[in-house]
Amino acid sequence: MDVSLPCGIYSNSYSKDLAIVRTRTRWTGLVVLMGLSLLAPFILNNAWLGWVIETCLVIIAVLGLYLVVGLCGQVSLGQAGFMAVGAYSAAILMDQLGISYWLALPAATIITAAVALLFGLPSLRVKGIYLAMATLASQYVIVWVITHPPFHKWSGGFDGLTTPSPTLGPIVFNSYSSWFYVVIVFMWALVFFSKNISRTRVGRAFVAIRDSELAAEVLGIHIFRYKLIAFFLSGILAGVAGALFAPYIVRIAPENFNLEKSLWYLGMLIVGGSGNVMGAIIGTIFIRLLLEIAVIFGPSIHVIPVIGPYLANYLAGILFGLVMVIFLIFEPRGLNRRLEILRTSYRLHPFSY
Amino acid sequence: MNFFLQLLVSGAMLGAVYSLIALGFVIIAKSSGVINFAQGQLVAIGALILWTFSIALGLPLWVSLVLSIAFCALLGMGIEHLTIRPMTGQPIVSVIIMTLGIATLFDSLMAAIFGTVERSLPATFPTGGLSIRGISLAYEYLFSFIIASAMVGFFLYFFQYTRLGLNMRAVADGHDKARSCGVKVGAVFRLAWAISASSAMAGGFLLGNIESVSINLSGIALRVFPVIVLGGIDSIWGCIVAGPIVGILEIMAAGYVDPITQGGAGDVMASVIIVLTLIFKPFGIFGQKHIERI
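If you're matching them up, the sequences are chains B and P in order.
The letter at position 121 of the first sequence is residue 121 when you use this note's numbering, and the numbering goes up by one with no holes.
The letter at position 184 of the second sequence is residue 184 when you use this note's numbering, and the numbering goes up by one with no holes.
Worth flagging that the hints you see were computed from the coordinates, not collected in a lab.
Predicted model only: the values in this text are computed from it and were never measured.
Warning: the hint list may mix true and false statements.
[To be verified] Result set (EDC-like, lysine to aspartate or glutamate): computed pairs, CA atoms no more than 20 Å apart in a straight line:
1) B:261 x B:17
2) B:153 x P:258
3) B:153 x B:255
4) P:289 x B:255
5) B:195 x B:292
6) B:127 x B:211
[To be verified] Only part of the chain P face toward chain B is listed, based on derived beta-carbon distances under 8 Å:
7) 35
8) 86
9) 87
10) 88
11) 93
12) 98
13) 105
14) 125
15) 127
16) 130
17) 132
18) 222
19) 268
20) 275
Glycine residues also receive a C-beta, built at the ideal position from the N, C-alpha and C atoms.
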């Protein structure tokens, strides 16, 4: 294991230096955290357990966004649309074709990845602003295709689709506590997957493209190919998130995957810190908590006279907008940076200036 | 044939209003290079503020219009000063995400204040319409077309022949070059945002007469994006030409394709135009091609 000293962490081999988890303390902490997370169904009541499941799914979706926006530097406003593809594919495959969920999940993932690849094609010709608009358009086109002919016969149009409960041998997953274990396993696996990407060849290419496309091209990195890979990977993650989402919420409808959700996911990534996996996770948890607090305390705010009786419903949106604007002005590197500063100042105490 | 001409004319007139709203995008993009994703919200805010002045407070229409324009201009300047100015030096993507955050904030704030009730502005235009050779032109569309065209024409004149317009074009060309010629770049930014917000309000006023006034007006932004993508983000002539084209395509799609797809074809047409334009002509018809020089 590496040696952790106040002046840094030191390794004595390349493989140790590259490791995802570098010190013994961190391994223990991680194992304890994973163990505690498995105990969640016994500690939390059903409503909070549902919140945790949904947060884990959003974490997976935001990790997909992290790969495209944070690692590769592109803009993607269509993540909720890709989740919709995943959820609807899984539901339709189970519902109409009677395929077992454990085959429908990979199939839905591959379908979503293909769709994400398709909508990543404009990244060859356009950057930044225009790519944002292309992915924005993709969000609307996907929802439109789902709700109108010819797909609306299978997808239930605007009414939505009911997903049958997945089964694994004798176990039927029709409660939050049983589904929680499936979701948490996938989440931890995909967190490690995302963390691993940044130390592979593909991940290094992503970072090179983000930092300077011109230099990356000069170095021989095939930019278009790696941008498409980034969209493909984000599609995989969005597909898994969507396919896991379908049995959780049972009845999926186009409203679950609208532009607002896409903007929220992007906001979660930015607020948390777009540069690393920890940022995506922290940002998601923070914003989800904020949303929950707004929902719980919204109805009890009657103070401000001008802002009328509709405040309760929209408090979440107002808080989210405010948080995003404030973070972008004062801490563009996100919550993760603040926490990193705190951790470093604790470690370097009393020399933390 | 009559149906076709009817759709053509309606589309062209709606397109003029789209041009006016697209002008707001183009002005900001020309001077500071930012695409203001909150422009749709500014349209909705303008319309709602106008409603507040004219119906909730009962002021006469002309007074409300002047007050609303002043309010929106101040709002635009406030947004620029508080949120865009602190982001100077940051990559352009961050500023765009900032405007997305502002858009979400305004959406929720306006919905919290006004709710989602559909309201109507005081009747400005006579009801009914003309009928030329079987094509009916509702007065609302006709007057909106005339007013929107007049405003766009005014802005063309403003940018081409007045000193202030020249200053703005200079800043669009290059901030440092303009500054070295004595143009106050910060003041030009503020002016650009003020003009943008005011023209958004005018667009909201016209749309509020055609449709109803509510926070849902901010959805107009999605229908106006194809105008700026097709016309070129930094070209005023682009949005003048592309506005009617997009309007016509949208109304035609709604007229001809809707029966097949049971509705909604007009809405998705906007996205389709965006994607096709970005694939074939990424900078739009009149946009400036950005060639990266090494």
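Against the structure, the hints come out as follows:
1. B:261 x B:17: Violated, because 38 Å separates the two Cα atoms, which is more than 20 Å.
2. B:153 x P:258: 17 Å, holds
3. B:153 x B:255: With a Cα-Cα distance of about 18 Å, the restraint between residue 153 of chain B and residue 255 of chain B holds, given a limit of 20 Å.
4. P:289 x B:255: 38 Å, violated
5. B:195 x B:292: 28 Å, violated
6. B:127 x B:211: 14 Å, holds
7. 35: 5 Å, holds
8. 86: 5 Å, holds
9. 87: Nearest chain B Cβ about 7 Å off; hint holds.
10. 88: 11 Å, violated
11. 93: OK, holds: residue 93 of chain P within 8 Å of chain B, min 6 Å.
12. 98: Result: holds, 5 Å to nearest chain B Cβ.
13. 105: With Cβ-Cβ at 3 Å, under 8 Å, it holds.
14. 125: The hint is violated - residue 125 of chain P has no Cβ within 8 Å of chain B, the shortest such distance being about 30 Å.
15. 127: 31 Å, violated
16. 130: This interface hint is violated because 35 Å lies over the 8 Å limit.
17. 132: 35 Å, violated
18. 222: 7 Å, holds
19. 268: 4 Å, holds
20. 275: With a minimum Cβ separation of about 5 Å from chain B (threshold 8 Å), the hint on residue 275 of chain P holds.
Violation of the numbered hints given earlier is confined to hints 1, 4, 5, 10, 14, 15, 16, 17; the remaining hints are satisfied by the structure.
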